[in-house]
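K.L.:
Work the whole structure out from these sequences, hints included.
Protein sequence lines correspond, in order, to chains A and B. Per this note's numbering, the very first residue in the first sequence carries number 37; after that it's consecutive. Per this note's numbering, the very first residue in the second sequence carries number 52; after that it's consecutive.
None of these hints come from the bench; they were simulated from the model. There could be a bad hint or two in this list.
Which chain B residues face chain A? A few, computed with CB under 10 Å, are given here [claimed, not checked]:
(1) Glu256
(2) Arg271
(3) Val283
(4) Lys291
(5) Gly302
(6) Thr359
(7) Ser361
(8) Tyr364
(9) Lys365
From the three backbone atoms N, C-alpha and C, an ideal C-beta is built for every residue, glycine too.
If you want the building blocks of each chain, they are given just below.
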Amino acid sequence: MKKNLLQSVIFVLLLALGGIILPAAATAANDPLVSTEWLAKNLRAKDLVIIDVRSESNYGVGHLPGSVNMEYSGWQPHNEARSCQLMPPPEVFSKLMRDLGVNESSHVIIYDHGNSISDASKGGTALWVLRTMGHQHVSYLDGGFTKWTFEGREIDNAKPTPTAGNFTAKLDQAKVASLDDVKNKLNDKNTLFVDARSPEQHFGVEKRSDVKRFGHIPRSVCLPADYLTNAGANRAPATIKSREQLEQIIKGAGLPTDKNREFIVYCNSCQFAGLGYLVLHEILGYKNVKVYDGSMLEYAAMEELPLVKFAWGHVTR
Amino acid sequence: MMMNNIKKLHLFLAAALMSLFALPGLSLAEGPLVSVDWLAKNLQKKDLVLLDVGAFTHYENSHIPGAVKAFGPWQTMNDKFIGFMMPETEVLTRMLRDFGVNNDSFVVVYDEGVTVKDTAKSARALWTLHALGHDKVAILDGGFAAWDVSQNPVTTAVTISEPGNFKADFKAAKVATLAEVKSKIGSAQVVFVDTRIPEEHFGHEKVSHIKRFGHLPGARLWPDKYMTNAGVDFAPSYLKDAGELKQMAMGVGIPADKNVEIITYSNQGKSAAMGYFVLHDILGYKNVKIFDGSLLEYAPEKDLPMETNSWGYKTM
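P.N.:
Following this line, the structure appears as structure tokens:
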């Protein structure tokens, strides 16, 4: 009787222990977001690659221990042919990732400065690039460097020398929309265009100086990337809003809750749109989300393509 | 031969138009918006009362010759301790008489003219006069900034006016009370227009003294700063032209029917006055009023609905 009881107790304890440890690790690898708390506990885990997308000089001053650096501009370099910022070709990207020690099996954590939407969108877009290049285990550090240092966690300025990885980029067309895709879908009621820019730029009363025309792609819905994080509220870092808030915001902006609908997200130079992808696809589970990487830098330069000015997309569609 | 005749016709038309514009005080200019050029030519106009509603420090520094120091109070705390409300009619009447306003005065209002917040002061003063039954009011397009940039003369000489004989004829239809708004929320017949910045309308941000996030259910969003060209290439706060404003009205979801009932609101009812001025005076909507208490009065009433994390306009 006693032996059985002891065995049962041990069995239950083992189960409980497994229940605590295993799901945490498994969850994190599949979660698009990881917390600073989780990362602090898993900083030196096997096959974990932490990529800092801040500038080389900021990285040089201090970074998360063990992290490697690839500045945001490297994820979206200027493309001469299309006069905008686009991800590098797969062969180039593969080498960049291998040099950072990224394997197919790695769990890659991306972080940015984490203070503003400008920061968060860089990390978000880097994540989109890596996922579009076919990597299956990428997560975003919620709150980035700002939250990490607010919490007094360790940083150093050691320069790691990672062993070359084996990642091979395979472009996933389902995640990126070309100019032709956009042109073909302009009159397709089933495709929803999502404008991740500021309301002023969407409405057409302002524009970036290097964007050629004012306004938004017809029927696109205004969903500012700025509204997706907590940046600035009571000095909060740019943590992503909760799932419940995000569901409410997506619906409130005028987008359907049907997770099978096709979305094409855009902005000026694809940076804000990447954060839109992180939220819509990775966090909320919309299955069919493409980022139009040429965005307004490319689209607005084509005088024959339609733009709507002085209107909200959700009103006039 | 043909060319000569056409050329002659053009010259004739040009001459005719020019002489038309040369006639002083022509009603073309006496709409709700007057230009700096018009004012420069009409400063001595007999029934003109020029009100400077900008900050009094601004007036003391420099103002348009003949302008009366009229910073207010155009808004005040009411007996329920709610701020920024329209003052009592008797108080306003005394103030307007002190400014020299008569029943037949053509009142031109101007502000600092740098940002839309300045223009909103003029719009609020204009609406107040409308609410008191006085319709002969206009705003100086671009305010003092436009006057100054055109290098027109300015002065520090304080204008002392003869007391006016203004008598108020209160128009309740211009002012929406809390009770009225309560009964009209959700009505398909009434269009609410929110003139605040998109972040506040959506509920992403709010000013600290407004008790809740978000907007009135169904409200259209038309930020007042979209209504002028303030800051565009350093321009003063000139109103956008009527064609663009009409386009915007459609684009934010305001019905084309000029008889539709519209209630504008903001945090404190001042920005809302820009919505009133544009819709009523520029675009000709006949039935426009301001929710005087606006969100300062509405938001603390927890049983009254506010929506957040959304745009107010819902696709019908």
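K.L.:
Does each hint fit the structure? Answer for all of them.
P.N.:
Results for each hint:
For Glu256 (chain B), the interface hint holds, the least distance from its beta-carbon to any beta-carbon of chain A being 8 Å, beneath 10 Å. Because the beta carbon of Arg271 (chain B) sits about 8 Å from the nearest beta carbon in chain A, less than 10 Å, this interface hint is met. At about 9 Å, the closest approach between the beta carbon of Val283 (chain B) and any beta carbon in chain A falls short of 10 Å, and the interface hint on this residue holds. A least Cβ separation of about 9 Å between Lys291 (chain B) and chain A falls short of the 10 Å threshold, and the interface hint therefore holds.
Contact between Gly302 (chain B) and chain A, as hinted, is supported at the beta carbon level, the nearest pair being about 3 Å apart and thus within 10 Å. The beta carbon of Thr359 (chain B) comes within 8 Å of a beta carbon in chain A, closer than 10 Å, and the hint placing it at the interface holds. A hinted interface residue such as Ser361 (chain B) counts as satisfied when its beta carbon comes closer than 10 Å to some beta carbon of chain A; here the least separation is about 3 Å, so the hint holds. For Tyr364 (chain B), the shortest C-beta to C-beta distance to chain A is roughly 5 Å, which falls under 10 Å, so the interface hint holds.
With its C-beta approaching chain A no nearer than about 8 Å, Lys365 (chain B) sits inside the 10 Å limit, and its interface hint holds.
Hint compliance for this structure: every hint is met.
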